[in-house]
Amino acid sequence: MADRVNPEYPTKVPGMNDLDFRDARVLIIDDQEMNIAMLSGMLKKHGFRQRFSANDPFAGIEMFQRIAPHLVLLDIEMPGLDGYGVLARIRQLSPDVMIPVIVLTAHTEQAVRLKAIDAGASDFLTKPFDGMEVIGRARNMSILGMMSRRIADENRRLDEAVKVRTAKLEQMIEILRTAELALSAKVNAADQSTNVMRALAARGARNFASLAETVLDTSLSNAGETPEWLAVSGAAERIKVTAEEIELIVDAERRELTLSRQRIEIRGAVTTAVAAVSGTAGSRQITITVQLEGAPTHVVTDMSWFGVALQRVLAEAIDCSPTPGIVRVGWEDGVSGSGWLLVADSGPEVALDQPRDLAIPFDVRRVQPAGREARTGLGLTIAGALMQMLGGDLDIQGSAEGAIYRMKVATE
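Going by the working numbering, 197 is the number at position 160 of the sequence shown; the sequence numbering is gapless.
No lab work stands behind these hints: they were computed from the structure.
Remember, it's a predicted structure, so these values are computed and weren't measured experimentally.
Mixed in with the good hints, there may be bad ones.
[As the list claims (entries may be wrong)] Pairs of lysine-lysine, DSS-like flavour, derived with a Cα cap of 25 angstroms: (1) Lys152 x Lys164; (2) Lys81 x Lys152; (3) Lys164 x Lys82.
[Said to hold, decoys possible] Have a look at the derived ranges for each label pair, beta carbon to beta carbon: (4) Phe95 x Glu197: 27 to 35 angstroms; (5) Ser320 x Glu369: 25 to 33 angstroms; (6) Asp133 x Ala96: 50 to 58 angstroms.
Idealized CB from N, CA, C, for every residue including glycine.
Put together the whole structure using the sequences plus the hints.
Given below as structure tokens:
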């Protein structure tokens with residue numbers, strides 16, 4: 038009856054064009070060689086390329102393990118181990134993949150079919166075989182088997198990816214917790230520092246810890262560097278930097294930094310600091326102009342720490358200027374052997390007074406009329422602490438054109 042099968046039988050399932058039943062691995066387990074030859078011939082004639090067979094139930098189980106078939110055609114009545122026993126063993130060997138098993142039987146009794154279904158049978162073919170029925174059922178069930186194996190493979194891949202990503206997240210969380218402990222230690226060491234600095238450190242630690250826990254609760258169904266993953270990585274880096282900056286401020290306020298006060302050339306110091314921030318200025322389209330007419334040739338300070346303070350002030354001015362914009366560096370004479378190095382940004386805004394009270398990390402320090410928010414970290418606080426350590430000062434004055442940062446230095 039095999040000649041009744043339509044030779045134009047479709048090879049693919051609509052909507053799943055990459056699944057072709059002709060690629061399915063079909064395993065025939067039957068103790069009758071004649072049945073094996075008949076079924077294998079039908080399958081071959083209608084395009085099934087990978088056909089395997091076993092005329093012994095135990096050999097069939099071994100072959101099932103070896104070839105990982107997409108479909109099994111299984112005889113019920115076999116010596117040594119009947120089809121029910123083979124079914125039970127197959128389901129034990131492949132608990133996570135539902136491989137279709139079509140039972141071959143001459144029995145039509147309901148009890149036989151129910152017993153096979155209870156054992157895990159997917160469908161039935163009644164002897165003698167009808168060719169059209171054999172190919173139709175084999176085609177449909179082989180596609181189901183291919184889908185089952187694909188889903189199982191994808192689930193295994195996702196499980197592995199989740200394990201890898203979970204391990205990386207746990208490692209990052211450990212880094213965060215270590216950094217938080219280090220930050221807490223630095224805060225405890227800052228008993229003589231301002232209450233503001235201790236509050237800043239506590240806020241930073243809480244923010245980062247909260248971020249880490251939020252990411253841990255995020256779905257892990259997709260692997261890769263997600264925005265949450267990148268946020269944790271960035272937070273770990275920022276918390277380390279914040280801790281280092283707090284330590285620098287505390288040491289400066291306690292006068293515990295090593296100083297080398299000497300006469301330095303003011304123009305050279307400004308040129309060096311401007312060069313250090315030129316990359317940031319260029320990316321923001323900020324032009325830095327230097328006009329030091331009337332300034333003394335030399336000032337008395339520590340070249341290294343004064344340079345750090347000036348770079349922090351310049352960075353603040355760049356951040357608070359519109360794009361494109363201008364940052365100006367100038368000089369104003371003072372009294373009693375001192376003067377003021379001036380740094381002015383070009384953003385019309387509300388300029389507040391004391392930088393130490395304003396430098397709250399990750400909060401908006403000033404809001405410009407155009408709507409751009411200028412954010413500040415500990416830059417001005419560091420600059421202010423260093424300038425006081427050097428015997429000078431730092432303050433901010435507001436103007437209609439922007440903010441002016443005034444750095445007081447000794448001229449003799």
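Now for the hints, and whether the structure bears them out:
1. Lys152 x Lys164: Distance ~18 angstroms between lysine 152 and lysine 164 Cα, so the pair holds.
2. Lys81 x Lys152: Violated, at roughly 31 angstroms.
3. Lys164 x Lys82: Distance of about 20 angstroms is within 25 angstroms: holds.
4. Phe95 x Glu197: 27 to 35 angstroms: Holds: the Cβ-Cβ distance is about 33 angstroms, inside 27 to 35 angstroms.
5. Ser320 x Glu369: 25 to 33 angstroms: The hint (25 to 33 angstroms, Cβ to Cβ) holds, given that serine 320 and glutamate 369 are roughly 30 angstroms apart.
6. Asp133 x Ala96: 50 to 58 angstroms: violated, 24 angstroms
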